[in-house]
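J.: Modelling step: build the complete structure from the supplied sequences, incorporating the hints.
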Amino acid sequence: MSFIEKNLANNEKIVYKGNLHWWIYMKNILLIVFGVIIINTAKNNLGSGVGGVLVMIALIGLVGAYMRSKSSEFVVTNRRIMLKTGVLRRKLVELQLNRAEGLSVDQGIIGRMFNFGSIIVTSGGVKEVFSPIAKPYEFKKQVNNAIEESFVPINNPVMA
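In this text, residue positions in the sequence shown follow this note's numbering: the first is 11, and each later residue adds one.
It is worth saying that the hints were derived from the structure and are not from the lab.
All values reported here derive from a predicted model rather than from experimental measurement.
Heads up, some of the hints might be wrong.
[To be verified] With a Cα cut of at most 20 Å, we get these calculated EDC-like pairs of lysine to aspartate or glutamate:
id, residue 1, residue 2
1, K150, E111
2, K151, E138
3, K16, E148
4, K101, E83
5, K23, E83
6, K27, E148
7, K27, E138
[Unchecked claim] Taking CB as the label site, the calculated pair distances span:
id, residue 1, residue 2, range
8, I49, Y76, 19 to 27 Å
9, I157, K16, 20 to 28 Å
10, T132, V73, 29 to 37 Å
11, V139, K53, 41 to 49 Å
12, I70, N108, 40 to 48 Å
13, Y76, V139, 20 to 28 Å
14, S79, N17, 15 to 23 Å
15, I157, V46, 47 to 55 Å
16, K23, V43, 38 to 46 Å
Quick reminder that beta carbons are idealized off the backbone N, C-alpha and C, glycines included.
T.: Take a look at the structure:
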């Protein structure tokens with residue numbers, strides 16, 4: 011059971027779960043490829059050593075990215091938005107749906123091509139950025155749907 015699932019209020023249900031995009035691994039994968047190329051084309055031990063160091067750094071980076079991926083939760087419930095990141099240092103942002111000030115998406119050209127982007131949450135003048143989120147517009151759509159579902163119109167009596 012995830013951290014957020016353990017901390018749901020009574021009658022609170024998860025309506026959507028987002029996650030980090032596989033793009034978080036890309037830098038380290040490219041570094042491994044570059045390191046292997048250096049190792050295979052090196053004419054001396056120095057080149058092989060440099061390539062080996064690059065591969066080791068990238069492998070450590072992959073482990074870190076994996077831990078980041080597994081420890082991040084991006085959830086929309088029927089009452090709030092909950093965004094949690096971090097393994098050793100946990101960061102949790104909660105935003106009640108009825109108090110949602112701002113939720114926007116930032117997506118560059120690469121993000122548009124691979125369908126990832128940043129979710130920017132604004133609350134109380136504080137801006138929090140979470141990225142790279144897979145399917146960011148779907149996340150935003152689910153937030154808007156949850157806000158609409160939670161909206162209870164006030165019946166005003168007609169003045170006679």
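J.: Are the hints correct? Go through all of them and say.
T.: Hints, one by one, checked against the model:
Of the pairs offered as hints, the one joining K150 and E111 holds, with about 13 Å between alpha carbons and a cut-off of 20 Å not exceeded. Taking the CA atoms of K151 and E138, the gap is about 18 Å. The hint holds against a cut of 20 Å. For the given pair, K16 sits about 24 Å from E148 by alpha-carbon distance, which is inconsistent with the 20 Å threshold. Simply put, K101 and E83 have alpha-carbon atoms about 10 Å apart, close enough for the 20 Å limit, and the pair holds.
For the hint linking K23 to E83, the alpha-carbon distance of about 15 Å falls within 20 Å, and the restraint holds. Straight-line distance between C-alpha atoms of K27 and E148 comes to about 10 Å, which keeps the hinted pair within the 20 Å bound. Taking the CA atoms of K27 and E138, the gap is about 18 Å. The hint holds against a cut of 20 Å. Roughly 23 Å separates the CB atoms of I49 and Y76, a value that falls within the hinted 19 to 27 Å.
At about 24 Å, the CB distance of I157 to K16 agrees with the hint of 20 to 28 Å. Separated by about 33 Å at the C-beta atoms, T132 and V73 satisfy the suggested range of 29 to 37 Å. For V139 paired with K53, a C-beta distance near 44 Å keeps the hint of 41 to 49 Å intact. The beta-carbon spacing between I70 and N108, approximately 43 Å, falls within the hinted interval of 40 to 48 Å.
Checked against the given bound of 20 to 28 Å, the beta carbons of Y76 and V139, roughly 21 Å apart, stay inside it. As the Cβ distance of S79 to N17 is approximately 20 Å, the hint placing it in 15 to 23 Å holds. Distance hint check for I157 and V46: the Cβ-Cβ separation is about 48 Å, which falls inside the suggested range of 47 to 55 Å. The beta-carbon spacing between K23 and V43, approximately 43 Å, falls within the hinted interval of 38 to 46 Å.
The structure is inconsistent with hint 3 alone, although it conforms to all the rest.
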